[in-house]
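These protein sequence lines map, in sequence, to chains A and B. Quick note on numbering: numbering that gives the first Met the number 0 labels position 147 of the first sequence as 146, and the sequence is numbered without any gaps. Quick note on numbering: numbering that gives the first Met the number 0 labels position 554 of the second sequence as 553, and the sequence is numbered without any gaps.
No wet-lab data here; the hints were simulated from the structure. Don't take each hint at face value.
Unchecked claim - Chain B regions said to be covered by chain A (calculated; three or more residues, Cβ under 8 Å):
no.	region
1	17–24
2	142–155
3	265–279
To be verified - The calculated lysine-lysine pairs, modelled on DSBU-like cross-linking and capped at a C-alpha distance of 30 Å, are:
no.	chain 1	residue 1	chain 2	residue 2
4	A	449	A	401
5	A	352	A	453
6	A	121	A	26
7	A	207	A	350
8	A	207	B	56
9	B	95	B	511
10	B	511	A	26
11	B	414	A	401
12	A	352	A	401
Backbone N, C-alpha and C fix where the C-beta goes; we use that ideal spot for every residue, glycine too.
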Amino acid sequence: MPSTEHNAPSLLDGSIIGPAIIGAFTKLDPRALVRNPVMFVTAVGAVLTTIGIVTADGDRGFIFQLALWLWFTVLFANFAEAVAEGRGKAQAESLRRARRETTARRLVNGREEQVAATLLQKGDTVVCEVGDIIPADGEVIEGIASVNEAAITGESAPVIREAGGDRSAVTGGTTVISDRIVVRVTMERGAGFLDRMIAMVEGARRQKTPNEIALTILLSAFTLIFLLVCVTLWPFGFYAGTSFSVPVLIALLVCLIPTTIGGLLSAIGISGIDRLIRRNVMATSGRAVEAAGDVDVLLLDKTGTITLGNRMATEFHPAPGVAAERLADAAQLASLADETPEGRSIVVLAKEKFNLRGREVAEPHAVFVPFTAQTRMSGVDFPALADQPARSIRKGASDTIKAMVERLGGQFPEAVTRSVDEVARSGGTPLVVVEGREVLGVVQLKDVVKGGIKDRFAQLRQMGIRTVMITGDNPLTAASIAAEAGVDDFMAEATPEMKLELIRREQAGGHLVAMTGDGTNDAPALAQADVGVAMNTGTQAAREAGNMVDLDSNPTKLMEIVEIGKQLIMTRGALTTFSIGNDVAKYFAILPAMFAAVYAADGATNGPLSALNIMALASPQSAILSAVIFNALIIVVLIPIALRGVAYRAIGAAALLRRNLLIYGLGGVVAPFIGIKLIDLILSALHLV
Amino acid sequence: MTFNAILYVLLIVGGSALLSWPLGRYLKWAMDPAASAGGGNRWTRAFQAIGGPLTLKQQNWKQYLLALLAFNAVSFTVTVLILALQQYLPLNPDAKGELDPSLIFNTAVSFVTNTNLQHYSGEVAMSYASQLGALMWQQFVSAATGIAALAAMARGLAGRTNMGNFFVDLQRATFLILLPLAILVAILLVFGGMPMTLQGSAIATTLEGIQQTIARGPVAAFTAIKQLGTNGGGFFGPNSTQPFENPTFWTNVLEAIAITIIPMACVWMFGRIVGKMRHAGIVFVVMAVLMLTRIGFAVWFEQTPTEAFNTLPIAQNVGNLEGKELRFGAAAGPVWAVLTTSTSNGSVNAMLDSLNPLTGLMPMIGMWLNEDFGGVGVGFINMFVYIVLAVFLAGMMVGRTPEYLGRRIEAYEVKLAVIATLSHSFLILGLAALFAATPWGTAVLNNVGAHGFSEILYEFSSSSANNGSGFEGINDTIFTVPWNIATGLVMMLSRFIPIILPLAIAGSLAAKRPAAESAGTLGTESGTFGVMLLVTIVILGALTFFPAAALGPIAEHFQFYH
């Protein structure tokens, strides 16, 4: 993914591993375990096997080792969850520091009073001046101030917050570093932005998401099926004249039930949200992250997402008989004092194309003519000097310049009119440059499409996601930029109402829509969209309406959010498949061991089913123990995949399925054959059984 | 030998597959006439005229299910009454007597549920009134119930919240599909030499001068619907091994094709109703692969002579002929055994008990999976449950909330799908465990050890799959009250749970907002999806039943062939 993860701790960060080991034990609390049916059954099995050490009449050392590894299975799963939470907690700690108790200066009937921030109510107004920590989420209703939001965004450059407009929202815990603002509190204590962030990253109040619930049901069903298989084996054994020991049946059960995915499921969910947070995106719920994976229409604002913020000069089109260099020179002179990004881009383009250095702006006699709404042009005048005549250079829209040239008695060349039309047609803005009454040519200003964005959209298309560009430009300009950027569709002259209408229409057609927005007038559309990402610089209304907030206020991030959502669900699917695939090998390890003596001829120790021992495992006990050990260790081995997510490729669904089926399906079938055999070799080498 | 076997399989499976295509088109026309099609609607009006006010209303999934269950409850009662009163009813030329109550319960359930598990011998116990009025009638309407249920489910998955009207669908399936086909097949069977008479048994004097009673009856009519409706219940106890119920090689081929053709055509009907023929094609291929694989293994395992030859100084190279009809040969038995268990039919043309151990495993696998191609209508419904599970797993692996035919598979659908899967496994393994560990089961076995275990496992597999074939090691005449009641309950639960739950899923999906398809959506029309579906079925089935299989046929195999 293009943007790098912020402050991602290494997977083996000691400060996380330590507490996680403790967490693995505290999570043995039955009340916590019961939330996860698969691990609960495992824990019950471990308890029964532990009891079996005393009561069973078989080989106690063997049963002891079984019990030990069953406990490890539970502990490893707890550990995985604890590590995932730990990574979030580290984040939460730094957030919580920002929330330390502050005193607020509440305004009551125009008078200030000191009150603890915790006592603030929704609707209160508070005053914040230099050095004050803003006590709660709210909206600036008076004044302008620069605010340091590093506590939340990690970005130390201050941002401007002012009353009215789209930058009125402030977040509790951020610090005012200049001026004075009056803030109306919009959030109850505990429901504020910071509180929600902390709750999310800690996973304390984490609710299961719809897909997670469905998967839990499936995993419970697998658990029940294998419970049925193992329970019925006992009477089957009775029929065959064999008595299977309870610890061995439990070992079989635990190996068969999907402990791998069951143990890693919550870690996957937590780390999915964690990955978002590391990209400085806050989701209000895990559900939103899942929905992001399903999104198939992206509404993207043109400015800032698809194009760089401003128009840039990209081309000089000289009039007939005029050297391009002269046009560039004149355009540069006319723009030297023009501080707008457009003006500066003309200076830069002239320098790049013709190596024209910006001359001393302070050419003593130059008089710069700024742009005004009346003249609709700007330029520069040089008085007549000894060695050169007076010059008057202007640049402006073609109709204004044409009127001026004709007033001065000059000619507006046909070729220049054609250039102007051509530039307009291609989505650019033509600026005509004249010197006196001589038309020198046209400077083409254009929206510059961000580098690499076209490839990105092509990738999205392969992922089955349609991109729609939203712009206030006229349809002609919009169409040309849309074509250049490679978006699938565009909406020109868009208004917030049209956006909302478009979202509704797409949803009625069965699509899931994601969009970004910042203004208050975006709020309805943000609320309607399946995934609405509000910019942190936006208004409080926008932040409330969306289900995610991007702290970096970078609209491009929408695409990464979609990928994170997909990756989250994919990781679940891949590890489930892997977990189920593992069972095949475990059968071939444990069943021959259990059935070895079944139907044995009189006097023989090995019955017909010893033939199933295709892995040639050393002894029945070592076979069973190897399978249990493999089953426990695989959880630890897969923790990094659960935390990082499986690699997502922007390829079509069919190709993705093929790939994952091969890696996690086939891999899931093959890996345990190798793993169990290796463990068996080690066990027998060490004479552990 | 091998060449002949391949030709034989190609003739039957290839023939059915080819014929299933036009039949599927016809099934769609008959069951789900387009609003514009004149012919179909004329029939609809006719059926509404016959059926009265009940048939006029469009039903949602709950009403449809209710109608289906109510009809089956009434059918069950009528069947019980006819069986219980057969000694007083007409059409009883051989004066058949009273039946045991538990047998009446078992038989009535068996025929209402399209299972046709027979704990009796027809020619010994049943009057013609029972055979025709109770049993053959059920062979029509129970099959029609299955086709109707599939049509309703398909309508739901096509996004219609109204699933049609059960009573109209029932008549469509009976009078437009089963009856015409049964008449056609019965006529062909009569030409093939099958008896068709309402006269009592023939009394013949043999060359030795002994009087012999030869059972006969309306065999052709009974046999045609027995095969077409995946019923399987024989007119005679030995079923299609009996020369009157399967006289020649050609009737054997015809009957085998009749077994598979409607289940195959049901796949195409589903595809046509939901408008996804490519998807139906993929499912058809998955089903065919599963079936052909089992046929291949069964025929191959059956090339070895039975284990009794192990110790004899005889070279035997015509395969295992024990329990086979010599007019069909060693390959026809296992092929039929697989076909009949693939489709929940349950008729036999060889003694399954005498198959080599691993050959005997193949029909069991067919009943455990129970969806390639499965019973008429219900086979695809069973497959639908696997599709839901496969779609769920595959959907997650491509990073989206899984969806099927544009509708999202969420917790509710997964829950119902897993209950449907679980109930089948539970009823087989749970009840087999109960009978294996108690004298209920062990006391009536003809065999001990692994083979005896296979017999118990087979009986409950056959009941739960609504198949009805018997391993025949447990003697029909000594089936006891516990067997009659247990298998009766299993048949009933296994019939209706897998109809109720999938219809509920379809009802739930129909009410959802359809999602648009994109390149990011998991296509259910690709080969990759086919592989995913196949793997899901095989792994799920293998994981559930492997231990039981190991203790039965697999153990027996290794006992004899080291």
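- Item | Hints that the structure is at odds with (numbers, increasing) | 1, 2, 3, 4, 6, 7, 8, 9, 10, 11
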